[in-house]
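Modelling step: build the complete structure from the supplied sequences, incorporating the hints.
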Amino acid sequence: MSEKLFQVIKPGLLTTFQDLGRTGYQEYGVVVAGAMDDFSLQIANLLVGNNRDEAGLEVTMMGPTLKVLKDAVIAITGGNLSPRVNGQPAPMWKSFAVKEGQLIEFGQPLEGIRSYISVAGGFDLPEVMGSKSTFLKAKIGGLNGRALEKEDILHAAGDTHAVTGRSLHYDEIPEYQKEIHVRVILGPHQDAFTDEAIQTFLTSAYEITPQSDRMGYRLNGPELTHKTTADIISEAIPLGGIQVPANGQPIILMADRQTTGGYTRIATVIAADIPFLAQAAPGAVIRFEEVSIDKAQMLYRKKEKIVSVLEKIIV
Amino acid sequence: MKLTYHPLGDTGIQLVFGQTISAETNQEIRMFAELLKQEQIEGIIEWVPAYTTLSIFYRPDKIRYQALLEQLERLYENIQGGVADAASLVYEIPTYYGGETGPDLNFVADHNRLSADEVIRIHSSQDYLIYMMGFVPGFPYLGGMPEEIATPRRSDPRPKIAAGSVGIAGSQTGVYPLETPGGWQIIGQTPVRLYDPESEQPILLASGHYLRFVPISKKEYDDIAEAVRLGEYKINSSKK
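Protein sequence lines, in the order shown, are assigned to chains D and X.
For the first sequence, this note's numbering assigns the number 315 to the last residue and increments by one with no breaks.
For the second sequence, this note's numbering assigns the number 240 to the last residue and increments by one with no breaks.
Hints are computed from structural coordinates only; laboratory data are not their basis.
Treat the hints loosely; a few may be bogus.
Under the rule of at most 30 Å between Cα atoms (straight-line distance), these lysine-lysine pairs were calculated in the DSS-like manner [as the list claims (entries may be wrong)]: (1) Lys150/D with Lys160/X; (2) Lys2/X with Lys227/D; (3) Lys62/X with Lys312/D; (4) Lys139/D with Lys160/X; (5) Lys303/D with Lys62/X; (6) Lys305/D with Lys37/X; (7) Lys160/X with Lys137/D; (8) Lys160/X with Lys295/D; (9) Lys234/X with Lys137/D; (10) Lys305/D with Lys2/X; (11) Lys94/D with Lys62/X.
Over the 10 Å line for every Cβ pair with chain D, so calculated as not near, a few chain X residues [claimed, not checked]: (12) Val48; (13) Ser55; (14) Asp110; (15) Pro146; (16) Ala169; (17) Ile203; (18) Asp223; (19) Glu226; (20) Lys234; (21) Ser237.
Backbone N, C-alpha and C define an ideal beta-carbon position, used for all residues, glycine too.
In structure tokens form, the structure reads like this:
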């Protein structure tokens, strides 16, 4: 019962379907992809009564214009890109109804850079290797493996009705800043760096450069010096891994990272801080802070609890 | 031997099995991965074997770092006594060498002062160990190519290399699973699809197994390509 839901009037800068990623195939070289800000996607889904891992639209910086072709309940979460429905400001972090003929539009990015749009019942998309996430480079997942284009028609997977007015408690709505503290666990190759480099890394400000995308954030700041070489024998790279090539400028590996890589990594961003990083724009300033694994996993469980409590109430 | 490991943030752990690339280290990693498969430890999402490491990704809300580490150390003790190895397979990759789809065959021959036939003979007479998969979906990192046919990468990389292209870069050989730009010397092409996202088995190869190139004619290439298109082709494999 796939029905026409949205017509794409303007595609926006980069609007792709993402779920929680294509896990289980990394050992074969298949990139995980998935929502850059997994927290916001999960909340968007739960607010409209979907499973938390359903695919939604990831909107980047300049959002799309979508014409509603069928009454539906949707939610918009993540960065505030000034969403509007029929010219009126649309709520965020709250389920609401849109009616056939209305326009969903976006304006100035006010806070954060990625919004997530979920629809009750989900979008009608095929699964590729167990996931609906778009991975642009290999042209798989989502809508024919690509970003939205003008005139695309997006289909609903099922019943688009749900309860409206469901929202995330305001205490739990994240704030996205232009200067962020990002917590890391050092390693695995901290021994490849000079002691000064580790000190520099943990005490300096790094700016996110415009050469940043879903694959990785290239940073600019004080150079990090290796003892001998920047190269390692290729190995798996985790989400949030911070690799440092010979030029000494760190790159944080994000959702579309390759599965393996051959550069030394000074640290890994903890999972709880990835969504905040995902919402940071080029020009934002990052300071890194070392934490213990215990602390990081406590923060992980705290974040997970917000999602699972909502999940128990709604789904 | 004690297990060497490093945390990969709060959702991963990397086990280190050696410092250099060797078939023995690869074998040990493979055995460990096999144990992980059998054990089905709650909270583990997946693992990625590489040349000298095995990286495991997990959910800290299901299992914490210390608890996971204890389980991994226990498994590591198990493989120290040596466990029965799951048999490695040799996958046969039918390859049409030279011609339009292997434009650099003669360059590789000239570079090594060999005839084109000798390059084909040498390249197809090895069983190459698949050390790891990566770079792009389904790409096998192969070890064991004879130095006699080693050839530097092209100075001008091609913007497009067709899926199935078989190439040489330095002392490595490999097969391109999908169309990408690349600087490898392309000596042939296989009609077999190493990567087919729509298929039930999207990726044909896996690390720890072997790959052998089998020379075929243009006619055989076309026949196999047709069978692949119809979904009727089955790759030959045998126990190592």
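Here is how each hint holds up against the structure:
no. : hint                   : in the structure
1   : Lys150/D with Lys160/X : holds (28 Å)
2   : Lys2/X with Lys227/D   : holds (26 Å)
3   : Lys62/X with Lys312/D  : holds (17 Å)
4   : Lys139/D with Lys160/X : holds (15 Å)
5   : Lys303/D with Lys62/X  : holds (14 Å)
6   : Lys305/D with Lys37/X  : holds (29 Å)
7   : Lys160/X with Lys137/D : holds (14 Å)
8   : Lys160/X with Lys295/D : violated (47 Å)
9   : Lys234/X with Lys137/D : holds (28 Å)
10  : Lys305/D with Lys2/X   : violated (36 Å)
11  : Lys94/D with Lys62/X   : holds (29 Å)
12  : Val48                  : violated (4 Å)
13  : Ser55                  : violated (4 Å)
14  : Asp110                 : holds (30 Å)
15  : Pro146                 : holds (21 Å)
16  : Ala169                 : holds (14 Å)
17  : Ile203                 : violated (4 Å)
18  : Asp223                 : holds (28 Å)
19  : Glu226                 : holds (24 Å)
20  : Lys234                 : holds (19 Å)
21  : Ser237                 : holds (16 Å)
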